[in-house]
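Colleague: In case you want the letters, here they are:
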Amino acid sequence: MLIFSRYTWWVGAMLGLSVFLTAAGQVGVRHPVQGAFLVITRPAEELLTSILRPIAGFLSDAGSISDLREENRRLRLENEELRTQSISLQTDAERVKQLEEALKISQGAANEQYLAANVVHRDSSAFTDVISIDRGSNSGVRVGMVVLSSQGSLMGTVTEVFGSRSFVRLITDSKSKVAAQVQASQADGIVKGAANRTLTFDLAQADIKVGDIIVTSALTGRYPAGLPIGKVTEVSGTQQDLFRKVTLEPFVRLSTASTVLVQTSFIPQGLLEAGD
Amino acid sequence: MKTVALAMALLLAALAQAAVAPLFPLSAAVPDLCLLALVMVVAFGGPRAAMVAVPVVALSFAFASNRSAALVLLAYLPLLPLAFVLEEGGLPLNRFAQTLVAGVATGLWARLALALGAMADGAAPQPGLLVAAVLVPGVMLDLLMLTMAYLPLRALGVEPRALEIPRSRYGWS
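So the sequence lines, in the order shown, correspond to chains A and B.
With the first sequence counted from 1, adding 4 to any position gets you the working numbering.
With the second sequence counted from 1, adding 646 to any position gets you the working numbering.
Note that these hints are calculated values from the structure, not bench results.
Since the model is a prediction, treat every value here as computed from it, not as a measurement.
Hints may be right or wrong, so weigh each one.
What the hints assert, rightly or not - If you anchor each label on the Cβ, the simulated ranges turn out as follows:
(1) A:G29 x B:G735: 34 to 42 Å
(2) B:G736 x A:G16: 46 to 54 Å
(3) B:A653 x A:G32: 35 to 43 Å
(4) B:G774 x A:K235: 23 to 31 Å
(5) A:K181 x B:M647: 47 to 55 Å
(6) A:L81 x B:G768: 33 to 41 Å
(7) B:V785 x A:R46: 31 to 39 Å
Said to hold, decoys possible - A few chain A residues facing chain B, derived, Cβ under 8 Å:
(8) V43
(9) T45
(10) F62
(11) N83
(12) E84
(13) E85
(14) T132
(15) S168
Idealized CB from N, CA, C, for every residue including glycine.
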């Protein structure tokens, strides 16, 4: 039997190694070792990703061709609507500029700074949704920084940083919680990652309807205000319910994004308090 | 030379598990390339290679994916003892069936352990989803991949090796 076999000592050794690894993680010994491992294995990982990502993208698209057709149709309609809005906004902006000039008001240009990074790895399961990017502390990335899609929608936050690699928890990860608000009504709530990489929005007794835009709120100091997160796709429950179940669709297709932007100009509250 | 090639192959499997496997999901389960590599080592490489391979693959995957190394090691730990018990147990199973049972059972345990780890770390517990979207598709993926890897190797003439450790090599009485 196994208990009397030579495998017993090996199982014991592995359990001992597990305890040691846990302790090493707690006292910070793991971090430099893992950093060195990531540097050494980076070329191999990049090679694997560059070869297989296009194949995966093709298979993914081929498997969801009807969804893509529907999405394409919806995006065409949205595009048309946005073009109309854009023209209207340009007119408004011109009018605001004229009024500012008339009133001698000037507003400083936005000076957000972003760092472009490539997604090199994705750890995606029913309960976790984490990516790693090819930029780290050498490029100025710090834990807590906000990560956006190339179009500027919120993707997640940096959770761990190595020299040339950072791990980012996406908003669809089960542990993710983002202070947010309904763009139209300014009602505050929390966007939570739910199981199977979905997004829910918790807000207390406020009007909300399908199609409402949800953006980040500066309430906790961890996110800059106004970053687009997603659109409401389902609202269940009545207005009398304390918390209605609201489901969101993120603006960015988190599963296929290959390039992201790290907002280096925004320092989250936690980092400011730490004096970094 | 053979050892270096094996180590490189295992490292590559761990890196591919972190970088590439999540791109090919079935429902919420992803192919477990680490498990596949380890099962092949257990079946064709013998016990000593397997004893080294398990911690090497577990640590490499944990480092590449920023997961808990201890948890990943515990996830793959049952494979070798289970394969040994199946071999010694006298069950009416041929080597292929033994390999499949050991691989699938370890895959099931590994996915369960990693999901429980995520839940312990703050993810909302969803047992129904875990079974329907992770464990069941995971078993199917494992069965498919283990069969696709095992049978061609046997067809090429690679012989499975026994898991009994020769006593004399270690000087134990």
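Colleague: Any hints this thing doesn't respect? Which numbers, in order?
Modeller: 2, 3, 8, 10, 11, 12, 13, 15
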